[in-house]
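**Student:** As they're listed, the protein sequences go chains L and H. The opening position of the first sequence corresponds to residue 1 in the working numbering, with each subsequent residue numbered one higher. The opening position of the second sequence corresponds to residue 1001 in the working numbering, with each subsequent residue numbered one higher.
Hints are computed from structural coordinates only; laboratory data are not their basis. Treat each hint with caution, since some may be false.
If we take Cβ atoms under 8 Å as the criterion, some of the chain H residues that face chain L in the derived model are [what the hints assert, rightly or not]:
| # | residue |
| --- | --- |
| 1 | V1050 |
| 2 | L1052 |
| 3 | H1055 |
| 4 | K1168 |
| 5 | P1171 |
| 6 | T1172 |
| 7 | A1174 |
| 8 | E1223 |
| 9 | S1236 |
| 10 | W1239 |
| 11 | D1320 |
| 12 | W1323 |
| 13 | G1328 |
Here are the simulated EDC-like cross-link-like pairs (lysine to aspartate or glutamate), alpha carbons at most 16 Å apart as the crow flies [what the hints assert, rightly or not]:
| # | chain 1 | residue 1 | chain 2 | residue 2 |
| --- | --- | --- | --- | --- |
| 14 | H | K1017 | H | E1167 |
| 15 | H | K1072 | H | E1056 |
| 16 | L | K293 | H | E1096 |
| 17 | H | K1295 | L | D63 |
| 18 | L | K168 | L | D63 |
| 19 | H | K1295 | H | D1284 |
| 20 | L | K106 | L | D371 |
| 21 | L | K13 | L | E137 |
| 22 | H | K1293 | L | E137 |
| 23 | L | K295 | H | E1223 |
| 24 | L | K72 | L | E167 |
Where a beta carbon is used, it is the ideal one built from N, C-alpha and C, also for glycine.
Number of protein chains: 2
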Amino acid sequence: LSELQEMYDFIDKNLDKHISKIQEFVRQRSVSPTGEGIHDCASLLKRYFVDLGCHEARIVDDDYISPIVYAKYDAKAEKTLLIYMMYDTMPADEAEGWQVPPFEGKIVEWPPFKKVMMARGVYNTKGPLMAFINVCETIKTVAGELPVNLIFVAEGEEERGSVSLREKFVPTYAEELKQADAAFFPSMQQDATALTPVKGGSEGLIYFELETSGAKWGRGPQEFGIHGSQKLTVDSPAWRHIKMLSTLVADDGNRVLVDGWYDNVSPPGKEDLNLIKEAAKYYDLDAVRQERKVKVFVDGINDAEEYLKHHLFGTCLNLDGIWGGYIGAGPKTLLPHKVTSKHEVRLTARQEVDELVGKIRQHLDTHGYEDVEMRVLQGYSWARANYNSEIARAVIDTYKEFNVRYVLFPPVTGGEFSPAWPACAFSRPPLSLPLTLGGLGHGQRAHAPNEFMVLEGADGKYGRVHGLAECEKSYVSILHRYARESK
Amino acid sequence: LSELQEMYDFIDKNLDKHISKIQEFVRQRSVSPTGEGIHDCASLLKRYFVDLGCHEARIVDDDYISPIVYAKYDAKAEKTLLIYMMYDTMPADEAEGWQVPPFEGKIVEWPPFKKVMMARGVYNTKGPLMAFINVCETIKTVAGELPVNLIFVAEGEEERGSVSLREKFVPTYAEELKQADAAFFPSMQQDATALTPVKGGSEGLIYFELETSGAKWGRGPQEFGIHGSQKLTVDSPAWRHIKMLSTLVADDGNRVLVDGWYDNVSPPGKEDLNLIKEAAKYYDLDAVRQERKVKVFVDGINDAEEYLKHHLFGTCLNLDGIWGGYIGAGPKTLLPHKVTSKHEVRLTARQEVDELVGKIRQHLDTHGYEDVEMRVLQGYSWARANYNSEIARAVIDTYKEFNVRYVLFPPVTGGEFSPAWPACAFSRPPLSLPLTLGGLGHGQRAHAPNEFMVLEGADGKYGRVHGLAECEKSYVSILHRYARESK
């Protein structure tokens, strides 16, 4: 693959320009929950696809929450790869604050890295997205043409559950999308130790809100919060919310008390256990603790194999946020008329969205909380990966080329290893495409303050934690290897 | 008292001017929890006292949270009355919103009232405060001199618990303050039915925050919220907070489960019960339900006597507000590192602040929540009133003069009838002054959106619900009657 070297050199020479492109892209806000900048970002992305030479590039925005940018690049090649992308991000409103303005693409030192780009969405996943487009430009400039045809599906709704992608876009465009032979999600897969997992599937995710209100309950203040002294004679929807929430989990906050919750949890199979055992060798719990600022894990887990089993085959019910009543500074007496909380469920294989949503509702009803409102904001299924597919082999061979310590993860990855993504939209019918995440490089703090992507790599426990240049080179290699893998 | 008529006429003729003064005062923000406008409001108030002719007017602001405006008016009279005032207000940040800008003093129709002034603090209690100053100006203009000497103590910290007043100002100035023979709190005492309670004491109040954090717990995220998928292996301070809160109250959210909570609750005495029986005759629960938008009361109370017993001799633990994690729009997966809640306790006679604070702390500790932080923001004692005092008799005689249906409330009033106020600062040693709240007029929605004070009265079930003119006239009468009551 000596022809690739020329492209690698080109990337090294043009890295500053490539960094500028990423800065341009993260400066264009695309805040998923509020919609801020979403449409402008979709337009910008469409322009990138047009500039790249896509013969078709459209913003599909029928009645979607956020538009999907859909583009096709015809290289007259034998194979067609569907490139999944997400251009939306979380807000940057964390109370703890950022050390830089979060929408400027500042380049800072972040030991052990001399240069990282710090910005909301730069790691998850506007940085890798733009890096992939940089790579396509590079290949065209150096080699004249791309080695595969590409179908770009870039959604702006990932952080809101990919509803439009799964329920509208894929069914509507299924015939066209089926022209793809496989799907690929360009990302940065190395962790802080330089370990590079191979992943493909996704755990499932349910995100919902619970709300207790006087209006629905028929007791307590009905329309607005009233003076707190009235608690002496008026019931409290706020306390009701607390007592209701308290029925959902055990005292440790870990075991879920919803009836039948664990019925369909599948323990890892023999092959899964082998993969976990292998992966665990490279998994440094101390590094994880340090990175996440966590001292101990649930149930005192202190063994990488156990940790991975929990993450990859576990299920959980999280309390993501709660608010109600007076939440400003100092005292203000108030008897609130409602309280709302946000929750997520991580599904493991064979648990299904409808099943668990139904069980939570049933739990609330049988515990006397029929009046508590449950609003499902997201819900999608798990997906299993197949590491014998051509796209998976292309990714693995690329990792071998760059001499990184890779490890195959159990086919339903989950938790921090592969935060839920809508893999099921591609892996399940009607498309049933093999799919893989891939790419060198490293980032941290998705959904947290000071999110960053590494620009200049550093040595980690298991080798080089690569920066942007090697991330882009790995995409070059993956595309070429995929083109050449025998069908 | 025919000389009073001239003053009443003067008030009627100058009412627009008096309304303008109140507008000027509510436009000057004085938001207690944030401190917004507090110092400017203190300066404005000091100017009013200087303009009135106080021979001494000072802003006392040593290391107080908010300054106290302290002024003395020497009328060379026999008696001296301490006028308690509060110039601070709650914020106007209620999510439900206001129908008018809350700091403009807009005059609107609010059936059955043709004219009310709607503004934050106009009822609680910047309107009555300014009305009282209008009255002093009126008396001086018409009669030449006030009938009593006045000592004004206007605090800007009432909504934050009057700590500086109770713990610093009164002890420091006790000798001077003892020159007063009684204390009076000018306010608007009529309810929506036109019933006019006579009140003097105050329930006690504790306001505190509880906070559960990974840092204090030693489990869960230590420094910042992390990606929600990590709930699979990381403990949740948020769920811990819910489980902890859930131990504090029974399923109904009403009965407090803290050990020994009810030990010192005193049931009403025989005289108290007689006063309650009398008061209950005039107390319309339907009107209360309508005003507060409450359909039913705790334990199905549907009898005015029971209702009053709960309010006047009950105790409660309220959940005033709670927040933590992601509280914006849409889904964002987050495992929060801390959750905070706000709470208030209403104390009935013989429960004491230190006692209950200690019991809550003890409860948390014995339930395994030693790490949960408890921050006491307010705490003050109850105070009993004496309706045989000269100032109480002056108020009662004024109500007779205006032919309103008044009713003596049990001497420790509480709840909505007289939201806790620092009566104990005056009624307990070292001052031990008799004290009474008084004044005709009506307002609603203290601490809630669309707070208002009635400008133009309307007929209520028990007579006239008076507007501003009669409120001011009642202050004129109270001052003159107090001056003439034989010692």
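**Student:** It remains to establish, for every hint, whether it holds in the given structure.
**Tutor:** Okay, the hints, checked on the actual structure:
1. V1050: V1050 (chain H) check fails; min Cβ-Cβ to chain L is 30 Å, beyond 8 Å.
2. L1052: violated (31 Å)
3. H1055: Interface hint status for H1055 (chain H): violated (35 Å vs cutoff 8 Å).
4. K1168: With a closest approach of 18 Å, the K1168 (chain H) hint is violated.
5. P1171: Check failed: Cβ of P1171 (chain H) comes no nearer than 22 Å to chain L, outside 8 Å.
6. T1172: Violated, because the Cβ-Cβ distance from T1172 (chain H) to chain L comes to roughly 24 Å (cut-off 8 Å).
7. A1174: Violated, about 26 Å.
8. E1223: E1223 (chain H) check passes; min Cβ-Cβ to chain L is 4 Å, inside 8 Å.
9. S1236: holds (5 Å)
10. W1239: W1239 (chain H) check passes; min Cβ-Cβ to chain L is 3 Å, inside 8 Å.
11. D1320: Holds. Min distance 5 Å.
12. W1323: With a closest approach of 4 Å, the W1323 (chain H) hint holds.
13. G1328: holds (6 Å)
14. H:K1017 x H:E1167: violated (38 Å)
15. H:K1072 x H:E1056: holds (5 Å)
16. L:K293 x H:E1096: Given that 16 Å is the threshold and the Cα spacing comes to 38 Å, the pair is violated.
17. H:K1295 x L:D63: It is violated: about 40 Å lies between the C-alpha atoms, which goes past 16 Å.
18. L:K168 x L:D63: This hinted pair holds, its Cα atoms lying about 9 Å apart.
19. H:K1295 x H:D1284: Roughly 14 Å separates the two Cα atoms, so the pair holds.
20. L:K106 x L:D371: violated (48 Å)
21. L:K13 x L:E137: holds (14 Å)
22. H:K1293 x L:E137: Since the Cα atoms of K1293 (chain H) and E137 (chain L) sit roughly 64 Å apart, the hinted pair is violated (cutoff 16 Å).
23. L:K295 x H:E1223: Given pair K295 (chain L), E1223 (chain H) holds - Cα atoms ~11 Å apart, limit 16 Å.
24. L:K72 x L:E167: The hint is violated at about 21 Å.
The structure shown violates the earlier hints numbered 1, 2, 3, 4, 5, 6, 7, 14, 16, 17, 20, 22 and 24.
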